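J.: What follows is each chain in one-letter form.
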Amino acid sequence: MSRKINSRPDIVFPIVGFLAFLMVISFLFTLIINLFIDGIEKIKDTSFYTSFPSRFPDQAGILSGWVGTLLVMAGAIFWSLLIGIPAGIYLEEYATKRGFIGKIETIIELNINNLAAVPAIIYGLLALGIFVYRFKFGESILTAGLTLSILMLPVIVVNTREAIRRIPRDIREGAYAVGATKWDTVRDHILPYSFGGILTGLIIAASRAIGETAPLITIGALTFIAFLPPSPFTSDFPFISLDKVWEVFMSPFTVLPIQIFNWVSRPQAAFQVNAAAAGFILLILTVLMNAIAYYLRQKVRRKYIW
Amino acid sequence: MSYQKLLGVFLAVIGIFSLMSIAYGQPIIKIDGSSTVFPITEGVAEEFQKAKKGAVKVTVGISGTGGGFKKFCRGETDISNASRPILKKEMDACKEAGIKYIEIPVAYDALSVFVNVKNNWIKNDCITVEQLKKMWEPEAQGKITKWNQIDPSWPDKPLRLAGPGADSGTFDYFTEAVMGKAKSSRGDYVASEDDNVIMNAVIRDLGGLGYVGLTYVIENKGKVKPLAVLNPKTGKCVMPTEKTVMDGTYNPLSRPLFIYVNEKSAKEKPEVKEFVEFYLKNASKITKQVGGVPLPTKAYEMALERFKKMQTGTVFGGEPEVGLTVEELLKRETKH
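Protein chains in written order, with this note's numbering: chain Y, 86 to 391; chain A, 382 to 717.
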């Protein structure tokens, strides 16, 4: 009896699995190819990348859009890592889960997972109240970066913890055995070893955040803006002016998804070409970002094998 | 990562930053509000920045008419785009914050009701507001499903409707003009924020009827059959065209669009004053370029005069009104 079952060729699941995989890939490729074909005229036109928005579809470009997206994402990644990694390390390594503080920790822990499911616009409203009105950061790149970073935080914290949990217990015990303090262990072992996992979290979080429109419109991202933030670099030593860096942070901005949203809602068919091209560029930016993170992660993985 | 690679990344970053070498600390004109008015204001802002050779910066957002007024009445913007007049509660908010404004009509927005090109049963392709009301009112939900329920001379064919969703300014205006109450509409129709979807629903369906902004119908000529609307004042059937919208005979499905200018900005910031004057001088040309319907030349002159006199307040009492010509509006006394 059991012989008979086992003699059945083991191919059913691989076929189902392969079909499922094919479906996922074909969705993605249809989307990319579709955008590429619709937008090819603009994608190969270099002035598209160096022009500001315009009412004439053939003159309109995405300069303010892609610069804004890059600056906002840089901010969002910086803030979310700055807050997310220590939070993850604390919950995994330091949290005692005992007594009154322990109760608070448990509540926070439960809620971090829930936070990932909150609609993005709610974060936008929160940011409008806190960053724009309370802290008076205005409708700026700084506010946008902070807003997207709250959006990314839950995913980063969860992934940081997962990555830390994968590190074998022996490594910590080995470190303590030679007299390392907890902080020494975290700094020299936990952090470097979990870096790959943290980057995975970052990829997932940033890929979601880069396409967000709703929270940024809520905090006052613009649609038409025909100038860029000032350059923080000067010709004299030390070649960078802190005042101007601050100016960059406080600049008004737009991002690619908003530009796309605006073009899609225009009646003229020529704007649809622009929207497709900009959509394609946004995809490329996402892929590029992921590629960098993937490269870094592979480097780390190869370095630490136990 | 090797040092060459790091250097490469560093140079790339510097490259990006040095692209942003446009000077800062220049005057900025902040504009926000309706996405319907956006294309016109964007066009004017684009030309204005070109004319000033980048000495003045202009930013335009699309928070919607209501969202725009919220910012405007907090004094955060210099100009607010609006696809309807300011409402009572917004007037109060502005008054409380001590913000006075000048109301300036800049262009027309018109709706077009259309049916399938093969639809041949509507006499003279002309529909009345009462018939539209019968089709679209909330009471019709689930009950009015056939064309002959509206008019017995029409065939016993299923009536399927398509139109903008409830978040759209076009929806607000249609319901206001047809049902007499904004946002009052049946819910069982193909609702979309994408005009293309609405139009496709009617292209595919012989018994379909939909409405979107007139610009969209003109841009996609021949795909659907736009209907004339009986003007309740004159009793004549009027086709929606640029001409009939401009002379005010296509009524009540056309409305003026406005910008509201902060009086303090206009007085204290010379660039804002210059921008508004530039706006009114170029609005006609730019509105046409973005596919909108401009006001008559006379109306722009009257509006410019009102702006130069810094006549603040609104000619509407905080209540939406339908079917006024722009000249009538500009002749009215403003209220605060």
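In short, the hints are calculated from the structure, not lab data.
As the structure is a computational prediction, the values presented were derived from the model and not from experiment.
Treat the hints with care, since some could be wrong.
The list that follows gives simulated cross-link-like pairs (lysine-lysine, DSS-like), each with its CA atoms no further than 30 Å apart [stated by the list, open to error]:
1) K604/A to K504/A
2) K451/A to K221/Y
3) K648/A to K221/Y
4) K221/Y to K650/A
5) K329/Y to K650/A
6) K645/A to K221/Y
7) K221/Y to K469/A
8) K654/A to K221/Y
9) K329/Y to K434/A
Only some residues are given here: those of chain A computed to face chain Y with a beta carbon under 7 Å [to be verified]:
10) E427
11) Q430
12) K434
13) I443
14) N497
15) N501
C-beta: ideal position from N, C-alpha, C; glycine also.
J.: Work down the list of hints and note, for each, if the structure agrees.
T.: Evaluation of the provided hints:
1. K604/A to K504/A: Since the Cα atoms of K604/A and K504/A sit roughly 20 Å apart, the hinted pair holds (cutoff 30 Å).
2. K451/A to K221/Y: 17 Å, holds
3. K648/A to K221/Y: Answer holds: K648/A to K221/Y is near 26 Å, not above 30 Å.
4. K221/Y to K650/A: 23 Å, holds
5. K329/Y to K650/A: Satisfied, since the Cα-Cα distance of roughly 24 Å is no more than 30 Å.
6. K645/A to K221/Y: 22 Å, holds
7. K221/Y to K469/A: The given pair, whose Cα atoms are some 29 Å apart, holds under the 30 Å limit.
8. K654/A to K221/Y: The given pair, whose Cα atoms are some 27 Å apart, holds under the 30 Å limit.
9. K329/Y to K434/A: Since the Cα atoms of K329/Y and K434/A sit roughly 22 Å apart, the hinted pair holds (cutoff 30 Å).
10. E427: Because about 6 Å separates E427/A from the closest Cβ in chain Y, which is inside the 7 Å limit, the hint holds.
11. Q430: Holds. Min distance 5 Å.
12. K434: 12 Å, violated
13. I443: The hint holds - I443/A has a Cβ within 7 Å of chain Y, the shortest such distance being about 5 Å.
14. N497: 20 Å, violated
15. N501: This hint is violated: N501/A lies away from chain Y, its Cβ roughly 27 Å from the closest one there, beyond 7 Å.
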